[in-house]
Structures are given as structure tokens and as C-alpha cells.
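Chain order of the listed sequences is A and U.
Numbering of the first sequence is given in my numbering, commencing with residue 1209 and proceeding in unit increments.
Numbering of the second sequence is given in my numbering, commencing with residue 1209 and proceeding in unit increments.
Since the hints were derived computationally from the structure, they do not count as laboratory data.
Heads up, a few of these hints could be off.
Any copy, or any two copies together, can satisfy a pair, since identical chains are not distinguished.
[Unchecked claim] Capping the alpha-carbon separation at 20 angstroms, the derived lysine to any residue pairs in SDA-like fashion look like this:
hint: 1; residue 1: 1315; residue 2: 1339
hint: 2; residue 1: 1233; residue 2: 1497
hint: 3; residue 1: 1237; residue 2: 1464
hint: 4; residue 1: 1215; residue 2: 1357
hint: 5; residue 1: 1364; residue 2: 1405
hint: 6; residue 1: 1288; residue 2: 1411
hint: 7; residue 1: 1233; residue 2: 1496
hint: 8; residue 1: 1366; residue 2: 1412
hint: 9; residue 1: 1366; residue 2: 1497
hint: 10; residue 1: 1288; residue 2: 1276
hint: 11; residue 1: 1422; residue 2: 1389
hint: 12; residue 1: 1238; residue 2: 1442
hint: 13; residue 1: 1237; residue 2: 1306
hint: 14; residue 1: 1360; residue 2: 1308
hint: 15; residue 1: 1432; residue 2: 1405
hint: 16; residue 1: 1432; residue 2: 1412
hint: 17; residue 1: 1422; residue 2: 1388
hint: 18; residue 1: 1237; residue 2: 1249
hint: 19; residue 1: 1364; residue 2: 1406
hint: 20; residue 1: 1315; residue 2: 1341
hint: 21; residue 1: 1364; residue 2: 1404
hint: 22; residue 1: 1222; residue 2: 1263
hint: 23; residue 1: 1288; residue 2: 1255
hint: 24; residue 1: 1360; residue 2: 1210
hint: 25; residue 1: 1432; residue 2: 1261
hint: 26; residue 1: 1452; residue 2: 1223
hint: 27; residue 1: 1450; residue 2: 1252
hint: 28; residue 1: 1468; residue 2: 1412
hint: 29; residue 1: 1364; residue 2: 1402
Number of protein chains: 2
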Amino acid sequence: MQILDGKLVAQTVKEDLKQKTDILKREGKKPPHLAAILVGHNGASETYVASKVRTCEELGYQSTLIRFETEVTEDELLQKIRELNQDDGVDGILVQLPLPAQISEEKVINTISAQKDVDGFHPANIGKMIQGQPAYIPATPYGILLLLEYYKIETKGKHAVVIGRSNIVGRPISILLSQNTPTGNCTVTICHSHTRNLKDICLQADIIVAALGKPEFLTADMVKDGAVVIDVGITRVPDAGKKKGYALKGDVHFETVAPKCNYITPVPGGVGAMTIAALMKNTYLAAIQRN
Amino acid sequence: MQILDGKLVAQTVKEDLKQKTDILKREGKKPPHLAAILVGHNGASETYVASKVRTCEELGYQSTLIRFETEVTEDELLQKIRELNQDDGVDGILVQLPLPAQISEEKVINTISAQKDVDGFHPANIGKMIQGQPAYIPATPYGILLLLEYYKIETKGKHAVVIGRSNIVGRPISILLSQNTPTGNCTVTICHSHTRNLKDICLQADIIVAALGKPEFLTADMVKDGAVVIDVGITRVPDAGKKKGYALKGDVHFETVAPKCNYITPVPGGVGAMTIAALMKNTYLAAIQRN
């Protein structure tokens, strides 16, 4: 059993991007510039955005953090996005989700220029990804592909079972794994809350991507020997024994599933650790396409 | 075993659209207007486009057929598309595929305004479809959904196996069947040329969509009793006994598979018969969104 070490791979990706950014600067070109919009004071969102801004600094990227109070109107937010779309100095734009109820996430995402949509949530990016055109792949599925690539995990002809059909993880990774690419060509089954016989389906899987958001849902009896298990879940579960009062749990019951696997991602330090690296890779791509 | 009669359902859809178009006209609004571009003299393309134009006439739609010689440059074609995008009188634009080698189909599709892309091939439409936003669904998968709907075939919780991952059929129908909609909520497995044990996978299927383009590929030993079989294939197979010198064959070996099925589409007269009706439905939607 080998751990798919998201921290290690993320570090490798980031070092590569830092080197490339150094080269850009030496050539007199401007470094990638990410603009992040944060609305309100949600704790998790604050943490994520801070981490993204910090990573920009590490890599030598430029970053701009734009904050709005919870009460901001949809119009004000959309207006700011349009300004950033027009701003030639900005390569990538992200709006940290979730947003307050008065603001349509759909409108926000559709308003971000597809060329600057480094989160890969814009319909035009999703559509291009599906058609095999160059596109920004959403950070979490992109992170999974980078892990598979780094560890040279064979996907061709394998049966991948994806549990969860969200727009940001389950759906795109199910598509990416079945495409005709070096990290694709799987037979892919996508499962969700209406799936019957989920256990039987999982037992056929060479690769399982658990992305349903239920802590420790995938248990050893659902996994065949030698499987590759990718755990996308990350839920705070109360744990009095921990300093913070909670433990982070994935969608996989790691202790019992891990011994059966050829490869497995831990939580934390697996897929989650990859997402910011993937976002930084998209931001770099956005910058060189505009340079 | 019941035949899913594409001709009958298409007729029902078209009658409904004709009535709605009559109402538009009575209200003094303009009828839907489809502009079709045909390049060169490919026999099958000529037939398809003629049939689309004729159906427009039947329904009281306006149609414009624009023809180019095979030698047309990419620029000329794109310029015409841009004109049609700007033309307020035109609701839907389709460019009949395939195109000659000097013209990029990708560029052509990306140039059609997403609001007028009644074929549903534009990345922004595909992306919106995936995110569950209002979008034009490509005609063939849309036709399949209309068939399932008409015959009230339960999809929720069923295991659907889609054979083929093309951008215009296999991929979108695999997504649509797994979405949280009245004709979705299937567990969906998408299979393709790299799939191993295809027979075993098909034998698990409650619903099979055969969209690989190999005549009579799906045989009785691959289908479980009571399955629903949707045959998307349509290939001309030489047949000296036929007046035209060929017979139309689907991807399903109908004679042996049909007796095992609860429902099956014939070829011709199944999915193929639905596609123009689905295109007309998209064109009507385009028109009322612009009225």
C-alpha cells in the first residue's frame, strides 16, 4: 500500500511554478496575477483565501485580495468582476464560494471572463474541457489528475467508480477519467444518492473517487483488493481529544480501507493539499496565454 | 416488448410545435427562424439539411438555407456566421457537419452565438447543460430524453450503460441520464474502445444506449431480460436485395435483442426520427427567448 502524498506532489508542482515565474521575471515579463474576491467573514473561506494569497507570495505571483461585507449587493459584486475582467494586469479571478443568499453564484460565475476563470467553473470552460479543447480544469479534479500522473498510476481500461455528482468534483472527474488522454480512458461509473447496490458497484472498481461529503462512508467491505482510492471528502467531525475540538475526516474509513489498497490518499494531506497547487497552475497558464 | 416509436413521438412533438407557432403568429409575433449552412455536396448532408428545411416549412417556421462550395475559406464561413449572429431576424443557426478539411469545426462551433446554437454544440451550452442551467441540448440526446419521457420510462435508480463517448451523443447522454432530473437519476457507466469486460458491464444494465457506430454490435448475450435498449447507430450496410443497394443498420442486433427487451428503439424510425423534432424544439425555444 502506498500513500498518494498530496503535500509532496503539491510541493513539486509549486517549485516548478516558482521556477517558471522566476524565468518570466528574468525575461522582463510580469508574473501571474491572481485577484481573489472574499465576501463576508466565513471562517473556512477566510482560511482558504488567506492560503491562496500566501501561496501566490511563495511562488512570486502578484495577488490582490478584494473584500466585501456580507451585505454587498449582487450588482456591486458583478461590477467589480467586470472591472477585473477589463483589467489587463489581472490574469486570474476567483470569487470564494459560498456567497450570501442575495447573490446568485451562477450569475457571478457566468460573469467572470472565461479567459480569467482559473477556478474552471465557467460553463464555457466546462464545455471546452468536455470537448477536449484547452480549458481550465477545476482545481480539485485537476489536483487528482496531477496525483495520478505523478505516481504514474495506469488508468487506461480501468474501471473507475465516482461517488458524487457535484459540479465541482464528481461530475468533472468522471468526465476527465473517461476521456481519451494519458490520465483517462477509464470505464467510468458515476454514482449518487439514487444509486442502488453501491457496494456491488464499488467492489468492481479498480479506482474509486469518493466525493460525496459523508465522513468515513466508504468502508473496507466496499473495496476490492489492490484498488486505488481517492478521497475527496473533508469534513470537520467533533473530537474532544483534538486541540481544535474537531478532527478532519475524509469520505473513506482510512484505517480499514488502506490495507486493501495499492494506493490511497490520506485526509488531510491528499487531494485537499493539491487544490491550491492546481489553482496556481491554472493561474500560471492564464498568465502565459496573456503575455 | 414494446417498440419506442420515434416517428410517432416526433410527430407528436412537431404537432405541438406547429400549434405553438400558429399561436405566435396569431399574436403578431414572428415565427421561429432557422438558418442552415451547407458546405459542399455530401449526399448525406444534403439529405439532412433538406429534411430540416422541409420540417421548418411543415411547422410554419421560417428557414434560410445558405450554401457554400467545398472550396469556401474558413474566413468566409466564419464571416457569414458572424452576420447571422448579428441578424435579429435569425433565431437559430446550424452548420451541417462534417466540413471540408480546410475548415476547423471547433472554430465554426465556437463562433456561433451560444444563444443561437440550436445544435447545442457550443462549449457554453454543453457547460450550462452540465451545470443544470437552461441550455440547448444536442438533438440526438434530447431526442432520447423525449422518447423516455413520452413512454414514461422510469430512470431513477436504474443502471444505464452508454457505449460510446462522442461529444454529440455518448458524452452528453451519459451526463443527462445521471443528472437530478425526471429523465435522469440513473447510475451511469460510460464505455468506449478501451473498456474491458464490456459484456459483463452491459449485462448489469437496465438501460443501454448504444452509440458507437458499429452495425449490430450489441448482441443478445450482452443484454439482460427486461432491459431498455436505445439504438443510436445508423450505418449504411451494402444489401443487394434493397432498391438503394444498402440497408440501414443500428448498433443493435435487433432481431435477437428485441425479444429480451421491455423497450427497444428500431432503426430506422427510432432515435434518428427524433433528432429533427428535437432540433425544432430547440429552435422554438431560441425564438421565444428572443421574442
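State whether the alpha carbon distance between residue 1366 and residue 1497 is at most 20 angstroms within one copy, between copies, both, or neither.
-> The answer is neither: 34 angstroms in one copy and 44 angstroms across copies each exceed 20 angstroms.
Is it within, between, both, or neither for residue 1432 and residue 1412, if the alpha carbons may be no more than 20 angstroms apart?
-> both (7 angstroms within a copy, 18 angstroms between copies)
Since the copies are identical, ignore which copy is meant and state whether residue 1364 and residue 1404 lie within 20 angstroms (CA to CA) inside a copy, between copies, both or neither.
-> For residue 1364 and residue 1404, only the inter-copy Cα distance (10 angstroms) is at most 20 angstroms; the intra-copy one is 26 angstroms.
Between copies, within a copy, both or neither: which fits residue 1288 and residue 1411 at Cα up to 20 angstroms?
-> neither (49 angstroms within a copy, 54 angstroms between copies)
Status of residue 1442 relative to residue 1238 across identical chains (alpha carbons, at most 20 angstroms) = The answer is neither: 36 angstroms in one copy and 53 angstroms across copies each exceed 20 angstroms.
How do residue 1315 and residue 1341 come out at 20 angstroms by Cα distance, when the copy is not named: within, between, both, or neither?
-> between (24 angstroms within a copy, 11 angstroms between copies)
When no copy is named, should residue 1233 and residue 1497 be tagged within, between, both, or neither for a Cα gap of at most 20 angstroms?
-> Within one copy, since 15 angstroms is at most 20 angstroms while 48 angstroms is not.
Copy assignment of residue 1432 with residue 1261, given that the CA separation must stay at most 20 angstroms = neither (40 angstroms within a copy, 55 angstroms between copies)
Same-copy or cross-copy closeness of residue 1215 to residue 1357 [CA-CA at most 20 angstroms] = within (15 angstroms within a copy, 48 angstroms between copies)
Measure nothing new, just compare the shortest in-copy and cross-copy C-alpha distances for residue 1360 and residue 1210 to 20 angstroms and report within, between, both or neither.
-> Close inside one copy (12 angstroms), not across copies (48 angstroms); limit 20 angstroms.
Up to 20 angstroms between alpha-carbons, please classify residue 1452 paired with residue 1223: within, between, both or neither.
-> neither (31 angstroms within a copy, 65 angstroms between copies)
Identical-chain pair category, residue 1364 with residue 1406, by Cα at 20 angstroms = between (23 angstroms within a copy, 14 angstroms between copies)
In summary, the numbered hints that this structure violates are 3, 6, 9, 11, 12, 13, 14, 18, 23, 25 and 26.
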